[in-house]
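Participant: Grab the two chains, each in its own frame, and use the hints to assemble them into the complex.
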Amino acid sequence: MKMKDLPEEDWFVNGHTACPGCGGATVVKIAMKVFGPDTITYFPANCLLVFGGTYPLNSFKVPYLHVLFENSAICAAGISRALKRLGKTDTSVVAFAGDGGTADIGIQALSGAAERNEDIIYVCYDNEAYMNTGIQRSGATPFGAWTTTTPVGSVEAGKGEYKKDIPRIMMAHDAPYVATATLGFIPDLLKKLEKAKNKKGCFRYLQIYAPCPPGWRMDASLGAKISKMVVDTGLWTLYEFEDGKMTINKKPKMTPVEEYTKLQGRFRHLTKENLAALQKYAEDKWRKDQALAEAYS
Amino acid sequence: MYEVRFHGRGGQGAVMAAQALADAAFVEGNYAVAFPWFGAERRGAPVLAFTRVDENKINIKTRVYNPDYIVVLDEKLMDFVNVAEGLSPDGMAILNSPLDPEEVDLGMSVKTATVDATTVALEVLGAPITNSAILGAFASATGLVSIDSVKQGILDIFGPRIGDKLAEKNARAAAAAHDRIKIGKCKAERTYPEAKKWLPTYQEMPLSLATKPTKTDSGLVGPGSSVENKTGSWRTFTPKYDEEACTNCLMCWFYCPDAAIKRLEPPKKVGFDMDYCKGCGICEEVCPADAIEMVR
Ligand SMILES: Cc1ncc(C[n+]2csc(CCOP(=O)(O)OP(=O)(O)O)c2C)c(N)n1
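Sequence lines, in order, name chains S and U. For the first sequence, my numbering gives the first residue as 25, with consecutive numbering after it. For the second sequence, my numbering gives the first residue as 4, with consecutive numbering after it.
Next comes chain U alone, as it looks inside the complex (with noise of 0.2 Å):
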């Protein structure tokens, strides 16, 4: 058996590149589950997809804490998420990533291959989109599946939810991506906060009128303790902000959903907490002086 554990974010795909590899596993003859972990985040936000392989039957039922595969679509992901988590020394990263795997730091020395799926992604579909073109990466550095069966898998999965045409396209840009792979072992040299691993119980929430957070162990808990959350980490574009044009009309800071701008004393005017900013644009969007400006 080899289990999978691809790390995405809400909207890039991650779940349907999980369901295309069991399907080319299942093509050759093997047993394969493909699932997603079901959190409650949103569009942009970190996601996890687990795919397990086995000549016989599958009985687990839990996500995957220790796969032998690392796959991941979104290089900015490392920056915050421990992705090599529980990741078996003898197992592989398979990044979508420019650089070579020496490079690359994943906290852990692992087997890694790299593959610029984006630069594939753009080149075949015109378009950001890596589940595709990082399974092509998935066969080439793993040899557990051909890419005629990839694919395969990819049509089965993708056709019935994208239409076969665009499908078609998907394949092409794995088989493009499965030759422009590098091997090599990553280093070792960050390291990762500890995650939490246990939720407070019940007797430690603050109770009934309280409107501020406690601390616990395992981080704030109660009224207003989101703010742990550093959603910041979503965001792909990001405001440039002009205090010189800035009329202090307060217009995006009356429609920031995430409450990432913040009055400030005059003279200044309004400033941006980026530990929050999605990127979403609104701000860009309502400015009647161009006082803000969205770049990558």
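Just chain S, same shape as in the assembly (with noise of 0.2 Å):
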């Protein structure tokens, strides 16, 4: 599908009340646009869920469901198993989380789910912390990054830690479809999306690359750039895994990390040695990444 193909209708409408700028709910009109109305959504707690479902408004002309924060590929295998019982198998049942539902807090059902190949999409719309509690870090939180949680002072300097990884731990699961992608490549995000809704009856993963200027401490206007420069700069790989194949579909630039750094507040405190580790880091991960598209070649 090219982007002029996508449909003017949306099915997840204005008058949300996403912070100005941001990535998820851009993340979300596009994707809905895709799965179209033959969709069921899933939401545990995050942002998406507050700005686009507060009773009694909704933002989603389709069902909608949430329970809780820990459960969201659970209960999307749950709404799918019904659906089959009740025949219909071309509805798309499809859970958006954040990353913080998604590295820690749902990991163990988004374990449970892909291992058992529920037939369920599952986005994680990626702002790498928890924004909707205010910007504490999760495990998907940058190297460097400023959080509530991980302060900048005399001791600590942003995150400590590195980015967990987790389209490569679904790969582990042997998933039959894991992407990663971002708002910057358009025509990329599209094939994926596309990808996902018509790939029916297994386990589907996305994780979509979701800017947050609040959190980011980063201009409202700057989502679409930065979301080009993240890939740009290796710090995030565009790849499919698809039936056990891996396929990388971009070859980063390796701008330094620092072009795409200084644009965002929460890396302004960043020495040189800690640029320099950011900089190895993204350099290890391309390398790292061919590595496995070699080996599942």
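If you're looking for bench data, these hints aren't it; they were derived computationally from the structure. For each residue, glycine too, the CB sits at the ideal point set by N, CA and C. Please note: incorrect hints may appear among the correct ones.
Covered stretches of chain S, as calculated for chain U (at least 3 residues, CB under 8 Å) [claimed, not checked]:
hint: 1; region: 29-40
hint: 2; region: 50-56
hint: 3; region: 119-131
From the derived model, a few chain S residues whose C-beta atoms are all more than 12 Å from chain U [said to hold, decoys possible]:
hint: 4; residue: ARG109
hint: 5; residue: ASN141
hint: 6; residue: ASP189
hint: 7; residue: ASP267
hint: 8; residue: PRO280
hint: 9; residue: GLN288
Distance condition first, Cα-Cα at most 20 Å in a straight line; then the derived EDC-like pairs of lysine to aspartate or glutamate [stated by the list, open to error]:
hint: 10; chain 1: U; residue 1: LYS215; chain 2: S; residue 2: GLU32
hint: 11; chain 1: U; residue 1: LYS271; chain 2: S; residue 2: GLU32
hint: 12; chain 1: U; residue 1: LYS215; chain 2: S; residue 2: GLU33
hint: 13; chain 1: S; residue 1: LYS269; chain 2: S; residue 2: ASP198
hint: 14; chain 1: S; residue 1: LYS219; chain 2: S; residue 2: ASP198
hint: 15; chain 1: S; residue 1: LYS215; chain 2: S; residue 2: ASP62
hint: 16; chain 1: S; residue 1: LYS269; chain 2: S; residue 2: GLU139
hint: 17; chain 1: U; residue 1: LYS215; chain 2: S; residue 2: ASP34
hint: 18; chain 1: U; residue 1: LYS265; chain 2: S; residue 2: GLU32
hint: 19; chain 1: U; residue 1: LYS271; chain 2: S; residue 2: GLU33
hint: 20; chain 1: U; residue 1: LYS215; chain 2: S; residue 2: ASP62
Facilitator: Okay, here's the thing in structure tokens:
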């Protein structure tokens, strides 16, 4: 599907209360244009739940469920199995979770659903922290980033650990479809959303980068630009893992990570040594991802 | 006891102002509480914060519904929020506005103090952050707390969060605003639409596979009902669109987080729905033809 072929109609409509420039809202708007009306959505606690579905208003024109933070993948799997009992195999069941709900709190449910190969699409919109509760670190927060729980002072300078690689964990489950995407590469993103939709009857995982201007201390207009830069620096590899085969979709330009970090206040305090560590992480990541693609070719 | 309700936008510091006022009253030997109203709204959206002050212990835990004073940090709020709702007729409004009190319309005529807190903040802080300046105006308009206590309150509350140096500057902004208020009575010409007072029961919610909202007495509910939220009121910057220059590449349409850009029938290209545009500026940033410019 080309961008111009996306429907004009939205299934995630305006009037939602996301912050100006919210990457998560854009990801969901576009994903819903691709998934379309025959979709049932599930949400754990996160920003999206709050800005898209605070009672009695709702931004989704499709059925919308929320149970708990920990069990997105299980609940989605339950919906999908019930539909199967009713003879409905075409309906997409989609869980939209934040990175906190995916990398930390919901990971056992996610792992179980992937291992049982449940018929669901799990979309993690990755804004790299627990944003809804006011910016706390998650497993998916990158090295060096300031959050309220990784403060910057004389002892600590932002998060000391590196980003947890969830797509790689999903690959270790041999899930039929795992893909990473960002808003910066439109045809790639649309291709992956479409594949996830059309590959029925199995577990599908998408991790989509979702810039958060307040949480990243960034100008609200930079979401698209930063979504491209994160790939160019090598901090985010675009790839697909389909039926046991991994394909890298974009060779990073290996732009210095500083070009990326200097646009975001959450990285403002980084020293030369910190930046060198992050640069090394980007280079190592690219090397490892290539090796993985080679191994899974 | 007196009760104060602060009106601001997410990110403007209304909560810190409410806390600094409570601290100032506490310094003078009173009991005081301050707390925000946790709506589910975000940066730029209207927010509320409250301060209660009494000589005795305060046991009331509710929101303030009938304030003695309202404090408005952002004058554009008055265009769509009934800031004077529930305000005691003997109460007072303290507003950030360059206008005279007589020129302001709150839909009810009450004693009003205006101060151009934005200008004060630009002069003293170099940024349009008005939560400290407005407190100086509160002190001089009401006489309930001294300006010295307000300055102390600002140092106590702002200091640990933004650093002592910046807190000092904010205390100076309060002092500067203290002497620049105008007092009078505001107009009562406009009416605000009746706000939603109740939530629908679950029986009124459309069931299961419905894909359209239902209309109830309290407005739309159910799937897609958020279109009732006119989030365009959050906007500070507005896109100015040059159709001539536009190449109809649809990048702005794709990236608008608020789906506020619509494709139009040719030969028209795209249109902007100002009811929803929050003014983030992504459209200007992604436009390869420079056909969009964000203006104040
Ligand atoms: C079991 C449980 N713990 C904590 C919370 C509080 N809580 C609600 S949303 C949220 C943050 C969600 O973060 P993330 O999943 O990253 O999504 P985001 O808000 O960033 O979109 C938290 C901690 C909760 N609702 N349930």
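Participant: Would you pick out the hints that fail for this structure and give their numbers low to high?
Facilitator: Number 3 only.
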